[in-house]
Amino acid sequence: MESWEILLQQVINGVSLGAMYALLALGFTMVYGIIELINFAHFNIFMVGSFIAMWVMQLMGFTGQSHVLYGLPLTAMLVFVLCVTMVATGVLGALIERFGLRALRGVSGTAPMITTIGLSYILFNVILLGAGADTKNYSNPMPNIRWEFGDAVLHLRELILWGVSLVLMLALHYFVRRTKMGKAMQATAQDQEAARMVGVDVDRVVIITFFIGSALAGAAGVIFGLYYNYTNFGIGYTAGLRAFTAAVLGGIGNIPGAMLGGVLIGLIESLGGQYLAVRWTDVIIFSILVLVLVFRPTGLLGRASPTKS
Amino acid sequence: MPISDAPQTQSQRRPPLLEFNDVNTYYGELHVLKGVNYRVGDGEIVCLLGGNASGKSTTMKTILGIVRPKSGVVTYAGKPIDRLPTAERVRRGIAPVPEARRLFPRMTVLENLEMGAFTRTDTDEIEADKERVFGLFPRVKERLTQLAGTLSGGEQQMVAMGRALMARPKLLCMDEPSMGLSPAFVEQVFDIIQAINKQGTSIFMVEQNANMALSIADYGYVLQTGEVVLQGSAQSLRDNEMVQQAYLGEMKAQ
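Residue numbers (my numbering), protein chains in the order written: chain A, 1 to 309; chain B, 1 to 254.
Please keep in mind that the hints were generated in silico from the structure rather than gathered at the bench. There may be inaccurate statements among the hints.
Unchecked claim - Just some of the chain A residues that point at chain B, by a computed CB distance under 7 Å: (1) LEU59; (2) MET60; (3) GLY61; (4) GLN190; (5) ASP191; (6) ALA194; (7) ARG196; (8) GLY199; (9) VAL200; (10) ASP201.
Yeah, the Cβ is synthetic: ideal placement off N, Cα and C, and Gly gets one too.
Using the sequences and the accompanying hints, generate a full structural model.
This is the structure in structure tokens:
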């Protein structure tokens, strides 16, 4: 492989990872933006999402790599699996907020955050005990269509995953910028008490934020399974921490920042793995986390404009 | 000497829109409002005077349901509202202009105004109210696309009042509308408050600038460490020796 081919291949890989991290980072950033809480349960909502999608596909009769779909059936199936998974993880996130975290809202200190860690472990162990510790082979109905650029390869599945991620992010952007509930979210993030005073039902905004963030984590779980062709109960930890780093890198609380941070972390992972060494990937990524926290705690994009007057 | 409400002044007042009946509010152990009674007549401007930590802001928060009274009843438009969440109170026509404005800093002026109409769905009427706000505050119209956090204090006050009006309130609750504004601006703000009142909105106003507040109010209350120590028509309060010394004199001395 020529050096440019290696670079191109790693950029393709990095963008794929980045698309997934970005979806996952959005959930962290949205929840933090609204109630200044780092939701560590988010890691394992992502993991649960990858299992739900796997089970849905199994129920539909897809096992292993043997069933390949094309065109409309493929589209319909992916949309269906995504929708079911996203609704399921969204409801899971909403339940966690309602019954796990709402009572702790307004409690100062670390109690709510520690609770999210506990909830994360519950999800982790439920899947471990219910589905077993072995790595599951993921059914994958995507055809092996590929384009070659020299020795660099772009698979159809990568294009599809980029597309899914892009559509979801655009939909989120539209929702937050243009809809009434989106405006209520922005208002709540900027000044919760003022939002209440103009008649925003803050409890509703918070639970919907958890729903959306968790639904996006579910989508990221589907992407993980379809990209790597496997899942297991432990995938939430590594991907979750990287996505969290992406959210901090982009500026925690900042939605475009999470998208940018996600893609950057994906690229850093793939390029760092190529040009330094795979075993240094985590060192690089978490060094970035530390450096950002020390030198630019507001992240790359930070707050878009002046803070509270 | 506290002067009690003379019967003839009370009967001359309009029917009540908002009433506090023996309201006690606590922050934890701290007894902030101690059995207070207020009454805002329909169409009136009522001002609440008092120094720091007298319970003025807590009164506002009690009206809006941000804090709940431990005992006593808050009645609005003939119905007790103590159990209602803030959003429902806004829907029923209570709109706040909070202390320090509390605009959404990273939203544009236009978006801030639109947030004021959050509980409404009557699109045409909302547009009409926007025009009404632009009529009252021409400056706001010039700044529509600017982020609210970048406005001057006076401009922010105008946007905050405009935002509150977008809810088409029956009762406007203003917390320190003159705070941090230049004297010229203060006068302008009070003129506009009067104009808003003439368009049919009742106003309950907490204010340190007693001189200005009493010049436009119909009725006033003086609050001291959580208790109403004095009440009466704005004229009677201006003539009252204690008010002159504690509030008006202070203004003159500045």
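Structure-based check of all given hints:
1. LEU59: violated, 41 Å
2. MET60: violated, 41 Å
3. GLY61: violated, 46 Å
4. GLN190: holds, 4 Å
5. ASP191: holds, 6 Å
6. ALA194: Hint holds; ALA194(A) Cβ to chain B Cβ min 4 Å, cut 7 Å.
7. ARG196: holds, 5 Å
8. GLY199: holds, 4 Å
9. VAL200: holds, 6 Å
10. ASP201: Given a least distance of 5 Å, the restraint on ASP201(A) holds.
Hints 1, 2, 3 from the earlier list are contradicted by this structure; the remaining hints agree with it.
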